[in-house]
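Participant: Single-letter residue listing:
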Amino acid sequence: MGKVAVIGVGHSKFGDRQEVNVKELAFESVKPALEEAGITRKDIPFVSVGSVGVWYEEPLPAVAIAEYCGLTGAGLTRVEAACATGSAAVYSGYTAIASGYVDLALVIGVEKMREVDTFTAVELMGRAGSYLWEFENFGLTFPGYYALYATAYMNRFGATEEDLALVAVKNHKYGALNPLAQLQREITVEDVLSSYVVAWPLKLYDCCPITDGSAAIVLASEEKVRELRIDAPVWIAGIGYSSGTGTLSYRGGFIGLDAAVRASRMAYSRSGVEAKDIEVAEVHDCFTIAEIMAYEDLGFCNRGEGFKIVREGQTEIGGKIPVNIDGGLKAKGHPIGATGVSMIVELTKQLREEVKPRSRQAPMRNYVALAHNVGGTGHYCYVTILRR
Amino acid sequence: MSEIPAIRSRKLEITYNIPISKTKKFWDELREGKIYATKCKKCGRLYFPPVADCGECYSSEVEWVELSGEGELLTFTHIIVRPTSFQDQQPYTVAIAQLKEGVKALAWLTDVKKKDIKIGMRVKLVPKVFEDGRVAYEFKPAEKKK
Chain E
1 MGKVAVIGVG HSKFGDRQEV NVKELAFESV KPALEEAGIT RKDIPFVSVG
51 SVGVWYEEPL PAVAIAEYCG LTGAGLTRVE AACATGSAAV YSGYTAIASG
101 YVDLALVIGV EKMREVDTFT AVELMGRAGS YLWEFENFGL TFPGYYALYA
151 TAYMNRFGAT EEDLALVAVK NHKYGALNPL AQLQREITVE DVLSSYVVAW
201 PLKLYDCCPI TDGSAAIVLA SEEKVRELRI DAPVWIAGIG YSSGTGTLSY
251 RGGFIGLDAA VRASRMAYSR SGVEAKDIEV AEVHDCFTIA EIMAYEDLGF
301 CNRGEGFKIV REGQTEIGGK IPVNIDGGLK AKGHPIGATG VSMIVELTKQ
351 LREEVKPRSR QAPMRNYVAL AHNVGGTGHY CYVTILRR
Chain S
1001 MSEIPAIRSR KLEITYNIPI SKTKKFWDEL REGKIYATKC KKCGRLYFPP
1051 VADCGECYSS EVEWVELSGE GELLTFTHII VRPTSFQDQQ PYTVAIAQLK
1101 EGVKALAWLT DVKKKDIKIG MRVKLVPKVF EDGRVAYEFK PAEKKK
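Keeping their order, the protein sequence lines are chains E and S.
In case it helps, our numbering puts the first sequence at residues 1 to 388.
In case it helps, our numbering puts the second sequence at residues 1001 to 1146.
Looking at chain S on its own, in the form it has when it is part of the complex (with noise of 0.2 Å):
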């Protein structure tokens, strides 16, 4: 740090728990290798990232639908300077996609040489557990068709 004059502040370390209620099935289906979008049953909307409430006709039924996962690369990015808390992980490729249902999905893209991404490359999201436990789910590029 620079040699201009100051206090150091308290150190507070904050994390928060965040509720997953509404959402559990999704975190749990991921697990199970599956990803699930909502729908709302009274105006069809449907959403990924999932939720519990309808923004569109304020409605509090909706269903679970699951995703294929199939989608179209629309944009991406190499995330090179990091934030504190992913210091310790290699820089990664964040990238968003057009899923065959209607819905985008934003996630990391692995599994590929960053001169073969290509906007418009078809790509899989595919739910991903880590060793520490925690799940998430990220695109690969799609298998070549038969």
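Next up, chain E with everything else stripped away, as it sits in the complex (with noise of 0.2 Å):
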């Protein structure tokens, strides 16, 4: 196996993105990608679109944007894992390198959720999972999926509605001060707590908004980064991987999600990292309840210890480990099929320690990041860990 660098990141606004198509959608992020890495759309040969689709307009979205892009000639291909998809896709660029088989891959992660109704979005996402036994007859939401896990994880460890509020609000806080967030703007327990049931006990505040965005990285070998003379590569560690039942009433249990654990153990290993170890991360906080179990899933606490450690301020910058300093899906907004590669934009620009406002830039000892990107209710999950 090859090591693999990321050598070029490119991230769009995240937001109501309706001025724009999928295509300008990801050429906002696919442009600054290849300039960043110092190399042009020719050079590229091999390019993973992941996108979920259904939403919008195209139903090739990997042929419709490599066209746009200028990249039509290269391999191609289209990656689905649900909101794990950008994971997905960078696994697959990945292997590619590390496989020997090019020295060079572009992944794009966009999504487009707006040019629907909001009831159509909720629909769409509702039916993912095990559409005749789930959502047939009994109209699950994608909220709804998360809302069960809540209200088992409450019930089983004394946590409060307050607590999952407390997500909110510290992703909120550096979503402020992020200017790609969907969500710029500060947040108060109160506001979550009286803001409008979605999926009791999960309220509007809990949830991701609906976006539109895109993300981009390159992809390098090392002999290519050594030959494109990049300075500050990040090194992609370690990917783990893992999935779960799409039934739900198939599963164990209903207090963190086993795709997560298992895709962590194996990033962990396959690194050589313990959690420990990890000084800023990304986690998949579609809903506050999410943050907390990943914390758990990922070994950065005990089971039943998260919302504790949030309590405590332990994953704020300055505590044990930031979490979600970009104001994760919650505040930084959730376009499916980008999040993984936005999170590994974000991660490379905390390693290369560029990121602006500085108030927003994690402290840095031994340069090591982890992001842990679930695709459904952990129906897919995928564990990346970065270093430099």
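Where hints are given, some of them may not hold.
Said to hold, decoys possible - Pair by pair, the computed Cβ-Cβ distance ranges are: (1) S:R1010 / E:S269: 48 to 54 Å; (2) E:S269 / S:S1059: 54 to 60 Å; (3) E:G246 / S:G1033: 57 to 63 Å; (4) E:N366 / S:L1012: 51 to 57 Å; (5) E:E312 / S:G1033: 37 to 43 Å; (6) E:K3 / S:E1056: 36 to 42 Å; (7) E:G272 / S:E1056: 45 to 51 Å; (8) S:I1004 / E:S269: 46 to 52 Å; (9) S:K1024 / E:F119: 28 to 34 Å; (10) S:S1009 / E:L132: 25 to 31 Å.
Said to hold, decoys possible - Computed list of lysine to aspartate or glutamate pairs in EDC-like fashion (alpha-carbon distance at most 16 Å, straight line): (11) S:K1011 / E:E28; (12) E:K320 / E:D258; (13) S:K1042 / S:E1061; (14) S:K1025 / S:E1061; (15) E:K349 / E:D231; (16) S:K1011 / E:E115; (17) S:K1128 / E:E67; (18) S:K1024 / S:E1063; (19) E:K320 / E:E305; (20) S:K1011 / E:D117; (21) S:K1022 / S:E1063; (22) E:K13 / E:E28; (23) S:K1011 / E:E305; (24) E:K31 / E:E58; (25) S:K1124 / S:E1072.
What the hints contain is simulated information worked out from the structure, not anything from laboratory work.
Backbone N, C-alpha and C define an ideal beta-carbon position, used for all residues, glycine too.
Using the hints, put the two chains back together into the complex; each one sits in its own frame.
Facilitator: As structure tokens, then:
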């Protein structure tokens, strides 16, 4: 297995981007990613596009985007792993290089979710999982899936709605500092508690918004890194992955995501890194409960302690391990195909120590970062560890 | 919708014919008031929802086993913001319960006040036939022991 580095990153503004189509939105990230890497579109032999689609008009987004960005002719694939699509696309590019098949790859994550109305988006997300057994007759929604976990978790460990709200407050605090975030404003616990109920016990401010956005990274082999004289390559130290059943009622319990536990153990073992070595993390906070379970699934704390480390401020800058200091899915937004790539863009900047404003830069000693990207409710999970 | 310039795409209505030939007994028995699971004849694994093939040992020899419906509530949520195709419904409660036979089931929980729903409460999974002829199943609070 050859080493693989991130040598260029690009990231669009996340939000309600109805002034651009999916191709134009992807271009906003592709251009800076190639420029940063010091290469042109003609140098790219392989492109992996992560996009779930269905909420925008193009059924073959990879083809449409490659054409628009002048990448036609390169090897091309489109990847889907629900909300972990971006990470799956990164994995596709990573293996293409690690195997020695290519020495450069472009990974694009993009989603345009706001070309349909909110209830249709709710329906399309709710159908994902086990359509016949959990949607057809029962109309489960995505907030609903996580709400089932939230109810079970709170009952088991005594966490409260206020504890969940603290995750939203933290992530909005950092989202307010991120010019690319969808929701750039601070909120209070009271704002969360008084927002309307979406799927009890989850309220509007417990949920990430519906987002348009793109992110792109250029990956390179060790040889290519030398050839291009990249100053600060960020290496992919290891990727772990796993999956969970589509049908929730086939699962063992509802207080954590088994797929995330397995994916993280694999990522740690592949990279030779332990949870305690991580200096900054991006975790999948599509709902506040998801971030709390992520801490536990990743081994940042013991099972049942996730809400306590939020209370203690351990996951803020200055705490034991800063998490989602770009606003997370919660405030930055969650264009589902782009999110996994966006996490790598953010962590690359953190590891290069070039985050602006500086108040959003995590302190680095060992230069180790982790991205945890969940698809569905633990239907898929990818954990990617980066180091400089 | 917004004032941002856009072209409204052509409309396409899609519905799917979901095949149920291999689990037809399940749907037929629901109309008779019974809830069935499948059990793998080779490895003994019980499946609810039912399946025609065992993903564990890869045997396609399965038998039908009637469930008592008796269970204990594991978790629940009240769905307030509903998908497009559920807009005509009132908000509903979705629950998961552990059934006596060892499998879990997910369905609506009805006939109980929100404040009376508690994790651990005893529930019963029962068939439900809608006015339009569709069949499904739902949880109801278990009747108190005599």
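Participant: Does each hint fit the structure? Answer for all of them.
Facilitator: Checked hints:
At about 50 Å, the CB distance of R1010 (chain S) to S269 (chain E) agrees with the hint of 48 to 54 Å. Between S269 (chain E) and S1059 (chain S) the C-beta distance comes to about 34 Å, which lies outside the given range of 54 to 60 Å. In this structure the supplied range 57 to 63 Å is violated for G246 (chain E) paired with G1033 (chain S), their Cβ-Cβ distance being about 28 Å. A hinted range of 51 to 57 Å holds for the C-beta pair N366 (chain E) and L1012 (chain S), which are about 52 Å apart.
Checked against the given bound of 37 to 43 Å, the beta carbons of E312 (chain E) and G1033 (chain S), roughly 53 Å apart, lie outside it. Roughly 39 Å separates the CB atoms of K3 (chain E) and E1056 (chain S), a value that falls within the hinted 36 to 42 Å. A hinted range of 45 to 51 Å is violated for the C-beta pair G272 (chain E) and E1056 (chain S), which are about 34 Å apart. The hint said 46 to 52 Å for the Cβ distance between I1004 (chain S) and S269 (chain E), and at roughly 48 Å that hint holds.
At about 33 Å, the beta-carbon gap between K1024 (chain S) and F119 (chain E) stays in the expected band of 28 to 34 Å. Checked against the hint of 25 to 31 Å, the C-beta distance between S1009 (chain S) and L132 (chain E) comes to roughly 28 Å, which is consistent with it. For the suggested pair K1011 (chain S) and E28 (chain E), the alpha carbons sit about 29 Å apart, so the restraint of at most 16 Å is broken. For the hint linking K320 (chain E) to D258 (chain E), the alpha-carbon distance of about 24 Å lies beyond 16 Å, and the restraint is violated.
The hinted pair formed by K1042 (chain S) and E1061 (chain S) meets the criterion: a straight-line CA distance of about 7 Å does not exceed 16 Å. Among the hinted pairs, K1025 (chain S) with E1061 (chain S) is consistent with the structure: their alpha-carbon atoms are about 15 Å apart, no more than 16 Å. For the suggested pair K349 (chain E) and D231 (chain E), the alpha carbons sit about 13 Å apart, so the restraint of at most 16 Å is met. As the CA atoms of K1011 (chain S) and E115 (chain E) are separated by approximately 13 Å, the hinted pair is consistent with the 16 Å bound.
Using a Cα cut-off of 16 Å, the hinted pair K1128 (chain S) and E67 (chain E) is violated, with the two alpha carbons roughly 51 Å apart. With a CA separation close to 13 Å, the supplied pair K1024 (chain S) and E1063 (chain S) stays within the 16 Å bound. Only pairs whose Cα atoms come within 16 Å are accepted, and K320 (chain E) paired with E305 (chain E) is accepted, the gap being roughly 14 Å. Among the hinted pairs, K1011 (chain S) with D117 (chain E) is consistent with the structure: their alpha-carbon atoms are about 14 Å apart, no more than 16 Å.
For the hint linking K1022 (chain S) to E1063 (chain S), the alpha-carbon distance of about 12 Å falls within 16 Å, and the restraint holds. Between K13 (chain E) and E28 (chain E) the alpha-carbon distance is near 9 Å, which keeps this suggested pair within the 16 Å criterion. Of the pairs offered as hints, the one joining K1011 (chain S) and E305 (chain E) is violated, with about 49 Å between alpha carbons and a cut-off of 16 Å exceeded. Restraint check: the Cα-Cα separation between K31 (chain E) and E58 (chain E) comes to about 21 Å, which exceeds 16 Å; the hinted pair is violated.
For the given pair, K1124 (chain S) sits about 8 Å from E1072 (chain S) by alpha-carbon distance, which is consistent with the 16 Å threshold.
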